[in-house]
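Peer 1: Sequence:
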Amino acid sequence: MEREPAVAIRRAVALLLTLGGDEALEAGGLGVKRLSELTGNEISRVSRTLEVLSDAGLVDRDPASRAYRLGWRFFALAARAGQPHLRQAAAEVVRLLTDEFGESAYLSVLDGREVLTIISESPEHTLRAANWLGRSHPYPYCTSAGRSLLFSHSEEELTALLGDLEFRPPGPNGPTSFGDFAARLARERRQGWVYVDEEFEPGLVGIAAPVFDFDSRVVAALNLSGPKFRAEKALRGAGPRLVDVATELSSLLGYGAPSRDSAGAAG
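Take the sequence shown: its position 108, counted from the start at 1, is 108 in this note's numbering, and no numbers get skipped.
Please keep in mind that the hints were generated in silico from the structure rather than gathered at the bench.
Be aware that a few hints might be false.
Said to hold, decoys possible - List time: in silico SDA-like cross-link candidates among lysine to any residue, alpha-carbon distance up to 25 Å: (1) Lys228 with Asp215; (2) Lys33 with Ala6; (3) Lys233 with Gly254; (4) Lys233 with Asp197; (5) Lys233 with Ser120.
Claimed, not checked - Label pairs and their computed distance ranges (CB to CB): (6) Glu157 with Asp180: 17 to 23 Å; (7) Glu114 with Ser216: 30 to 36 Å; (8) Arg189 with Arg48: 24 to 30 Å; (9) Gln88 with Gly179: 22 to 28 Å; (10) Arg48 with Gly20: 17 to 23 Å; (11) Glu23 with Glu157: 33 to 39 Å; (12) Arg95 with Lys233: 21 to 27 Å; (13) Phe214 with Arg189: 17 to 23 Å; (14) Glu232 with Val52: 29 to 35 Å; (15) Leu96 with Arg48: 50 to 56 Å; (16) Arg87 with Ser177: 32 to 38 Å; (17) Val52 with Gly163: 29 to 35 Å; (18) Arg87 with Gly57: 22 to 28 Å.
Quick caveat, the model's predicted, so the values are computed rather than measured.
Beta carbons: idealized from backbone N, C-alpha and C, even for Gly.
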């Protein structure tokens, strides 16, 4: 006879796999009763196991429908499984972008409210953008990487993350309110990339595109930046190229982007 800890683990695994199945995806989540039917476990045991998984952030419960779905921590763990591959491939890409555009290139991730640079390459210019490798900043709303990292956030998630923030951009052209920020982000989502002009720092321009995982969530951003007097012309036109490169990285994480032909037909 199997011991209770093993049974509990099997039950938790069965629930996670069921919540990752087609029925749960199409319905936007499943209730305790339906999960009990699909996994063959008693409702009371299913309920207790879901509470444990919810406390760990592996499942979420919709406050309106009361249905359970996979939580963001589950997807974060899944994304991390691909991070070593992503980092290796991204390091090569960042170097290529630096060589191609002659400006500093980075790969950044979102850490709470902060933008953290995990890969950085700079050209051999006398004047260059600061090397941000291993550093973070609390300005996701006024940097190209920061706003790219927020492309897949829902309105509720954006409000929870930045709704109570006092918008004081360090550059002269950054958004000064949540509404201003949200309007810029909406335009940039439709465009597919973010270009900023002296929002984060006077005299600095930057452009970024998001990297998506298998669940179409943004897990990183590729960006280029440099002094405006030198980099403005090249970076303003770099959006499509940066999106192509970011899409190639996304494919390594299982992201299936629509073809340009189908995207154009839909638009």
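Peer 1: Return the numbers of the hints above that this structure violates; sort them in rising order.
Peer 2: 1, 3, 7, 8, 9, 11, 14
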